[in-house]
Amino acid sequence: MKLEIRNLSVEIGELTLLKDINLTVSEGEVVGVVGPNGAGKSTLLKAIMGLINVSSGEIMYNDKKINGLPTYERVELGLALVPEGRHIFPNLTVRENLLLGAYVIRKDKKKVEERIEFVLDLFPWMRERLNQLGGNLSGGQQQMLAIARALMSNPKLLLLDEPSAGLAPIIVSDVYKVISTLKNEVGISMLLVDQNVKKTLEVSDRAYVLERGRLVLEGRPEELYKEDIVRAYMGVKV
Amino acid sequence: MMTDILNVRGITKRFGGLVALNKVTMDVHEGEILGLMGPNGSGKTTLVNVISGIYKADSGQVIYMGRDVTNLPPHKRVELGIARTFQTPRPFNSLTVLENVMMPILHFGHEPDVRGTAYKLLEFVGLEKYAESPIGKLNLAMRKKLDLARALGTKPKILMIDEIAAGLSEGEVNDMANLLMSIRDSGVTLLVIEHVIFFLRKLCDRVVVLDEGVKIAEGDVEEVIRMQEVISAYIGEVIE
Amino acid sequence: MVDVNLAQAIVNGLMLGGIYMALAVGLNVIFGVVKIVNFAQGEFLMLSMYSVYWLYALIYLDPILSIVLNIPISIFVGWVTFKYLVKDVVEKGDYVHIALTLGVSFMFIGLAQIFWKPIYRGIPTEYATWAISLGGVNIGVTQLLILLYGLFSAIILSIFFRWTDTGRAMRAVSQDVMASMLMGVNITKMYTLAWIIGILVTSLAGNFLATFYYIHPNVGQDIFLYAWFVVVFGGLGSHIGAVIGSIILGIVQSVATMYISADLSLVIVFLVFILLLLFRPEGLLGREVRK
Amino acid sequence: MRRSLQIVLAAIALSIVLPLFMSLYMLRLLILTYMFVILAISWNVIGGYAKYLSLGQTVFLGITAYTSTMLFVYLGITPWLGMFVGILMSVAIAAVIGFLTFKLRDAFFALTSIAIIQVFRLLALYFKSYTGGARGIILQPRNDPINFMFLDILPYYYISLGFLVFSILLAYFLDKGKLGYYLKAIGDDELACEAIGINTLKYKIYAFMLSALIAAPVGTLYAQYIMYVTPDGVFSFPHSIKVAVMAIIGGSGTLLGPIIGASILIPLEQILTVYFSGVYGLNLVIYGVLLILVMRVIPGGIIEPLENFVKGMIKNMDAGVRETSGESLKEEKEVGG
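Chains as they are written, first to last, in my numbering: chain A, 1 to 238; chain B, 1 to 240; chain C, 1 to 291; chain D, 1 to 337.
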């Protein structure tokens, strides 16, 4: 697995959302992107999934240009996104949500069952709630379900958009425990976008700081100075 | 002694199981620019929707100039002087720029020269050159200014401005801040929702910070943005 | 003791409800998934009844047996209309949907009038007059068949939506298009499929209806208005709602016909419909549609 | 501006003088066209500006037709007076219907509007002893101007012309006036309207009342001209749809759109019936295909390309004039804008 983004720009009308982004994710790597609201983090992930049109630049996945592909083909290739705001299907049961996550491998029933067992091992509480409607879960549970659902297709690269948004601190820790497990025990490559800088940096191998649509800093977490990040967010030195 | 133009008393608003606002209480002083800040999903826009009457609060009161307006429909509140703009501008696309601004002036009928008054408002926000243009000719910053001009057409006493800096370039943000200050100088109290912080620092006398529907801080801008709770609300947790 | 007349009226209402049900189910699939209000749905029924008629008139094929041929014909008609007429406007607003599908409806009615003339036709089947008598209450066999077809299609579709990957994907699309895309669902394919299913279910109702009902270029308009009320009444997008709605409206109409007047029965149906809409705009079992 | 006034005056003069030399057929065609133009204008108020798709617009025509005719037949009240009673009834009923149904949107509103016209049609069928049921009420032709009855067709023509001018004037003042702005704004974004203090329900009801006011007089004219009133004739769902379609094809939400739409489609329909009299249904196909085309290609209606074409023509003409007489640029701007 290798994702390489070259000189990516996204413009909508007169609005520039992303400008000349260069970014890579290698096999087994967890890459974090942090930055304040409106910096373009979600746009970046949407562009990778084909939910938004790219104005210029290239998105290379395993050395193949995927810019023009429809979203469902990108999912078939092994990309999966846990979208911001979770977007679970509220009127489908937990099990049905998971089955939809396995939509691209639906022909292989055995594989689907294997994946269900895999995510249920990851989220044991889900076992008892398989027949509940997704909309009746709590916010934290919905977030876990969204992650579990994305894992169902056995993706090679998992994109996570604001997995901690709107969750209580204790739940945020749970979410990040899952992300660590995915990193350390499953070894899945991830591109993680979050407002929670500390958590993001803790789990990332490398990180980028995005500000107003441009990548302003890049490096290993320990190389990124706290001051720079706080300044990017709050505009003040603390 | 400052008088309050608006008091929000213990507002709670739930959507299904989600508590969007949890017993929020705050006061807006007459003539100030109050910043309302907080990360995404903290309930800022919900609060504006409750104050403007688009949402009905589950509990709590909205007191405007000493009067309980909690149960008034949105258009009645506008009549009393509570106006707002939207996060994404919502112009009337089948009307020209000038006609957009004429709408509220026509409606309230407190000006004999509707066109002239509308034109003056366009001049005030710097869009007079586009008076006869269709909306399609305006870029984002201009559409936001048009929203402002239209809201000013209702002769508000308090104007709530929802994320006007989002999506604008740095130059445009400065320009917008100056415009808002001149609106305040004309005697309108402003409640400014924003998460672009340098915009708030430039503009606000005071800020209120919401996080997950709860008010976590209130006070002077420079003090508030250095508070640990606020920083951690914004960037998750404090980095050691 | 239940009055025999009342029992007969209720049974008639059930049968009438069966007709509405068969059509409402098809409408619902399209509205539920594609989110298009198809004002031309009745014309697909009309076209189907004509194809049943001509299969009977030309090769003497029984209206029920011709289902076998009507299935591929309806699928083809559905596919062509979606691809060449509807597909490009799916993303547009309701106003465009209504106007466009009204246009399709006019076009089909006009074409039917040109080709087949506005005359009332019928298929004289042997079994059209067969009836089952239960304690003085008569049940027409053909009407019973369409009621069964209505129930059958509602059940089959519920099973399809509940237990198959494609059906589940369609439900997902109706709830959250973006998330469905992220699951790897091809949205256009789902829209096409839902449209075809909606047209197919409605068209096959034509096979049953043609056994006892008149065939005429306007037949779709006449029936479909009521089917639409049923769907809105029961809650747009809800299959159970459509089943319950069609039975309620059918019985209201039939009982009112017996005890008040045939003309006023429709007025009463309308008034019930309007009252419900005013107090529960989302319909009996519908979820609130946010705009 | 001066040029368009000239055009309007010329058009009025022509429509007053020309009929004196026209065949009976042409006059009938014009009267029919005028009636549909009025109805399309009436539909446009609510369907075009406020974007509430009413599919039962002729309900107001029916109410007035029955009111004035019944007052005349049973009480001997002249239809001239009965017409005003009918208009009042229509406007009042519009207010009630509007209050009940404007909370609904889109398909719900469209369907309810169909339901309402059907209810009126069925009521007219049911109360046979007053309305004559399906056969309706038939008037005996005679020359009786005081009671709105003429043996000659020209009076009907001039009356319909009068009504047409009246409705175009109303439409003009609506388009340029306060209510027109409100309705366009409501059609664009109801929430934004509430946010600047506009009680949208109130203005939608006003608009529906105005729309009833425009359509209503046609009811009495129609009844007195055709000399009979039937439920299917006046509470007509097909006609209601036609009215909406004409306005949409012409260009909904514009002053001229409905006028253009009805002026093209009614004569077209009539010509087709003459040349293809055997081909029943052709007009429906034309309506259908046009509607599909407009929705897919020019959602704004025929008026969009037409306007551009006319503007281009005027520009060219003026350019030619300027070359010879050296007129200033300022004039061109005035004409073009």
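For the record, the hints were derived by calculation from the structure and aren't laboratory data. C-beta: ideal position from N, C-alpha, C; glycine also. It cannot be assumed that every hint is accurate.
[Unchecked claim] Here are the computed distance ranges between Cβ atoms for each label pair:
# : chain 1 : residue 1 : chain 2 : residue 2 : range
1 : B       : G171      : C       : T164      : 50 to 60 Å
2 : B       : P134      : D       : R3        : 16 to 26 Å
3 : B       : A131      : C       : R162      : 55 to 65 Å
4 : B       : S59       : A       : K110      : 44 to 54 Å
5 : A       : Q132      : B       : P134      : 26 to 36 Å
Hints versus structure:
no.: 1; hint: B:G171 / C:T164: 50 to 60 Å; verdict: 56 Å, holds
no.: 2; hint: B:P134 / D:R3: 16 to 26 Å; verdict: 23 Å, holds
no.: 3; hint: B:A131 / C:R162: 55 to 65 Å; verdict: 58 Å, holds
no.: 4; hint: B:S59 / A:K110: 44 to 54 Å; verdict: 53 Å, holds
no.: 5; hint: A:Q132 / B:P134: 26 to 36 Å; verdict: 50 Å, violated
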